[in-house]
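Novice: With these hints in hand, go ahead and build the complete structure from the sequences.
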Amino acid sequence: MIKITLKGGTVKEYEAGVTAAEVAKDLGAGLYKAACAAKIGNKLVDLRTPITEDCELAILTFDDDEGKRAFWHTASHLMAQAVQNLFPAAQCTIGPAVDGGFFYDFAVEKPFTAEDLVKIEAEMKRIVKEGAELTRFELEPAEALELMKNNKFKTELINEHAGKGEKISFFKQGDFTDLCAGPHLPDVSRIKAFKLTSTTGAYWRGDSTRDNLCRIYGTAFPKASELDAYLEAVEEAKKRDHNKIGRELHYFCTADVIGQGLPLLMPKGAKLFQILNRYVQDKEENEYGYVMTRTPLMAKSDLYKISGHWDHYKDGMFVLGDEEKDKEVYALRPMTCPFQYNVYLSEMHSYRDLPMRYGETSTLFRNEASGEMHGLIRVRQFTISEGHLILRPDQLEQEFKNCVRLIQEIMTDIGLINDISYRFSKWDPNDTEKYIGTADMWNEAEGLMRNILDDMNMKYIEEIGEAAFYGPKLDVQMKNVHGKEDTLCTVQIDLMLARQFDMTYVAQDGTKQYPYIIHRTSLGCYERTIALLLEKYAGAMPMWLSPEQVRVLPIGDAQSEYANGVLAKLKKAGIRCTIDERREKIGYKIREAQMEKIPYMLVIGDKEVEALSVAVRSRSAGDKGTMSIDEFVSLAKKENDEKTLA
RNA sequence: GCUUCUGUAGUUUAAUGGUAAAACAGAUCAUUCGUAAUGAUCCGUUGUCAGUUCGAUUCUGACCAGAAGCUCCA
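Take the first sequence: its letters are residues 3 to 648, numbered as in the working numbering.
The set of hints was computed from the structure by calculation and includes no laboratory data. If you're wondering where the values come from, they're calculated on a predicted model, not measured in any experiment. Just so you know, not all the hints are guaranteed correct.
[As the list claims (entries may be wrong)] Cut-off 25 Å, straight-line C-alpha distance, at most; resulting in silico cross-link-like pairs (SDA-like, lysine to any residue):
| no. | residue 1 | residue 2 |
| --- | --- | --- |
| 1 | 27 | 132 |
| 2 | 573 | 542 |
| 3 | 599 | 242 |
| 4 | 174 | 21 |
| 5 | 599 | 629 |
| 6 | 246 | 5 |
| 7 | 514 | 260 |
| 8 | 285 | 637 |
| 9 | 270 | 621 |
| 10 | 35 | 138 |
| 11 | 285 | 260 |
| 12 | 599 | 578 |
| 13 | 270 | 415 |
| 14 | 270 | 252 |
| 15 | 574 | 643 |
| 16 | 640 | 586 |
| 17 | 151 | 90 |
| 18 | 121 | 276 |
| 19 | 5 | 30 |
| 20 | 645 | 417 |
| 21 | 246 | 540 |
| 22 | 154 | 174 |
| 23 | 481 | 65 |
| 24 | 197 | 226 |
| 25 | 194 | 151 |
| 26 | 5 | 28 |
| 27 | 307 | 438 |
| 28 | 270 | 541 |
| 29 | 285 | 415 |
| 30 | 599 | 575 |
| 31 | 121 | 89 |
| 32 | 403 | 456 |
| 33 | 428 | 371 |
| 34 | 194 | 161 |
| 35 | 273 | 580 |
| 36 | 302 | 484 |
| 37 | 302 | 327 |
| 38 | 246 | 373 |
| 39 | 197 | 133 |
| 40 | 273 | 260 |
Specialist: What follows is the structure, encoded as structure tokens:
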């Protein structure tokens with residue numbers, strides 16, 4: 003007999019060799035029916051796994067993240083089976099669970115169409131009705147290769163696993179067998195509600211030089227109502243898409259003749275940019291000891307050769323001129339680093355001068371691949387709150403922490419602090435081509451960063467191969483309405499580029515030393531942040547970020563003089579406001595202001611003129627009644643100055 | 001760059017191998033109105049370039065642009 007400790011600390015005894023499924027059944031029929039996978043200790047296992055020794059056991063259902071993934075993963079096998087039945091020539095490759103569902107990649111002659119998806123769904127329904135059990139079995143690599151000999155993709159995977167001396171595990175349901183590590187549901191019939199959402203291209207193993215596969219995305223749930231709720235939530239989220247709302251509300255637009263990835267900020271977008279920019283610059287200068295630079299938007303290729311960009315990033319740069327023909331070739335800058343380094347290089351620095359904190363509102367140009375552009379989130383020209391800190395090694399920790407603190411303060415003020423996550427982006431030691439410097443330097447830089455992050459008790463995920471070519475990064479990540487994650491801000495430790503540029507300081511002992519460098523952004527890329535703010539607030543910007551904060555709405559011409567007086571008072575108080583003096587009904591003017599999501603409307607009629615007051619309407623709370631002009635001005639000013647987010 | 005899809009007025013949407021429709025927006029006129037749409041009149045369009053055709057917005061191709069995904073993202 004073995005002792006199994008369950009959730010909540012209950013201990014039960016079972017025969018050795020009992021499976022997790024059997025334990026679940028023993029605990030309750032409901033739990034058994036809902037079980038998707040299990041966890042023994044910290045190890046995720048299939049429900050069929052026999053348990054041979056004392057352990058902690060958790061039965062995972064669809065409500066657990068890992069249970070969901072097993073559910074979706076099984077759904078992907080179900081889909082693969084349906085595809086195999088309908089398109090026998092389609093070769094299966096891989097099909098994992100992802101956030102919100104699953105996909106499966108197939109090698110096919112002709113990509114699937116929307117009609118094909120409908121047929122595949124119908125076939126899946128038929129299979130579910132039959133209700134095949136899934137069974138797991140293992141083979142020696144040679145046997146596995148024999149079984150999958152007609153599938154070059156599976157063969158490649160088997161050979162890789164075999165190289166590690168592993169047995170090869172398979173899952174089989176009905177007549178469909180797939181190479182897979184699991185875990186899986188015991189039975190496909192549990193997958194009651196599913197939808198195939200889209201079909202797209204994908205590369206084998208994510209490598210653009212290899213086979214182009216056809217991917218089908220889908221999602222699945224135990225209940226139809228859950229599926230409906232999910233699909234509705236996805237639709238709702240899309241309504242907040244900055245690319246839609248930002249254009250509708252006239253924050254930005256694009257023009258075919260100007261080019262891809264080159265959005266135009268309209269007056270409202272430009273105003274929001276200015277609000278954020280002034281706020282960031284003031285904060286950096288007044289609270290964090292930055293000095294500003296203003297450096298050129300382009301440079302000779304020589305500069306990028308020193309920085310390493312010419313070797314590591316030339317494809318991503320807009321080069322002006324022809325290297326073959328022209329004596330000198332220029333390129334638009336894809337980053338600010340070497341420009342600010344040259345500011346540093348222009349004079350001698352003592353250890354007493356450090357840290358030097360250079361900030362710049364910096365416009366950059368990156369020649370992104372044509373399929374990459376997305377609204378304001380991925381563009382070819384953008385402006386970031388750039389900064390480089392030149393430091394002595396002993397200053398690294400403090401300065402790094404301050405960079406993180408600055409970011410956190412800004413994220414708090416603009417209301418995104420609870421929407422961001424942190425990523426520790428490391429180099430890939432197996433892909434040294436992409437990086438400069440030695441393994442020792444990388445280990446040192448990453449060790450320094452890890453210590454600081456842990457010292458700050460920061461929660462972060464680690465990602466290999468996401469580092470900059472010159473150093474590790476702490477990336478501040480945020481998801482857009484489509485669930486796609488992008489980097490908002492970054493703080494990077496660079497022990498390498500000071501050497502490339504021969505940047506030095508004179509130490510206490512008179513020797514020349516190489517400084518450490520921190521590359522960082524505080525608010526990140528303005529365009530991207532504006533995009534994510536639009537999505538966060540569905541266009542209804544908090545007062546302090548609203549391009550137009552108050553609109554004065556006189557009911558008729560008779561109130562014009564008084565209304566303009568109110569406008570002047572607001573302007574004097576620094577409130578961004580306009581007046582709508584058109585001869586329209588008040589309901590019409592209100593509707594427009596409401597749809598433009600202006601925080602406050604001030605209705606002015608004879609009563610207000612008489613009482614020297616204003617009738618306040620808020621976009622969220624509606625008619626708030628009348629108050630004196632001064633009362634409203636101080637209320638508006640307070641909300642603006644305190645950066646109220648509600 | 002790759003896969004799939006899309007492109008009709010400023011915007012949202014309709015229709016068609018044979019003169020392209022509506023709403024909103026805009027302009028003009030009238031209306032001076034109390035918390036989400038006053039009325040009338042006018043204005044304006046098939047992304048671009050080729051091809052097929054007597055005739056193309058419709059079919060085909062290329063290009064341009066947009067969407068989702070892949071790849072990429074210093």
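Novice: For each hint, tell me whether it holds in the structure or not.
Specialist: How the hints compare with the structure:
| no. | hint | in the structure |
| --- | --- | --- |
| 1 | 27 - 132 | holds (23 Å) |
| 2 | 573 - 542 | holds (21 Å) |
| 3 | 599 - 242 | holds (13 Å) |
| 4 | 174 - 21 | holds (19 Å) |
| 5 | 599 - 629 | holds (22 Å) |
| 6 | 246 - 5 | violated (57 Å) |
| 7 | 514 - 260 | violated (49 Å) |
| 8 | 285 - 637 | holds (24 Å) |
| 9 | 270 - 621 | holds (18 Å) |
| 10 | 35 - 138 | holds (19 Å) |
| 11 | 285 - 260 | violated (34 Å) |
| 12 | 599 - 578 | holds (14 Å) |
| 13 | 270 - 415 | holds (20 Å) |
| 14 | 270 - 252 | holds (7 Å) |
| 15 | 574 - 643 | holds (15 Å) |
| 16 | 640 - 586 | violated (31 Å) |
| 17 | 151 - 90 | holds (15 Å) |
| 18 | 121 - 276 | violated (52 Å) |
| 19 | 5 - 30 | holds (18 Å) |
| 20 | 645 - 417 | holds (9 Å) |
| 21 | 246 - 540 | holds (10 Å) |
| 22 | 154 - 174 | holds (19 Å) |
| 23 | 481 - 65 | holds (22 Å) |
| 24 | 197 - 226 | holds (10 Å) |
| 25 | 194 - 151 | violated (33 Å) |
| 26 | 5 - 28 | holds (14 Å) |
| 27 | 307 - 438 | holds (13 Å) |
| 28 | 270 - 541 | holds (11 Å) |
| 29 | 285 - 415 | holds (12 Å) |
| 30 | 599 - 575 | holds (21 Å) |
| 31 | 121 - 89 | holds (11 Å) |
| 32 | 403 - 456 | holds (11 Å) |
| 33 | 428 - 371 | holds (24 Å) |
| 34 | 194 - 161 | violated (35 Å) |
| 35 | 273 - 580 | holds (14 Å) |
| 36 | 302 - 484 | violated (39 Å) |
| 37 | 302 - 327 | holds (15 Å) |
| 38 | 246 - 373 | holds (18 Å) |
| 39 | 197 - 133 | holds (18 Å) |
| 40 | 273 - 260 | holds (22 Å) |
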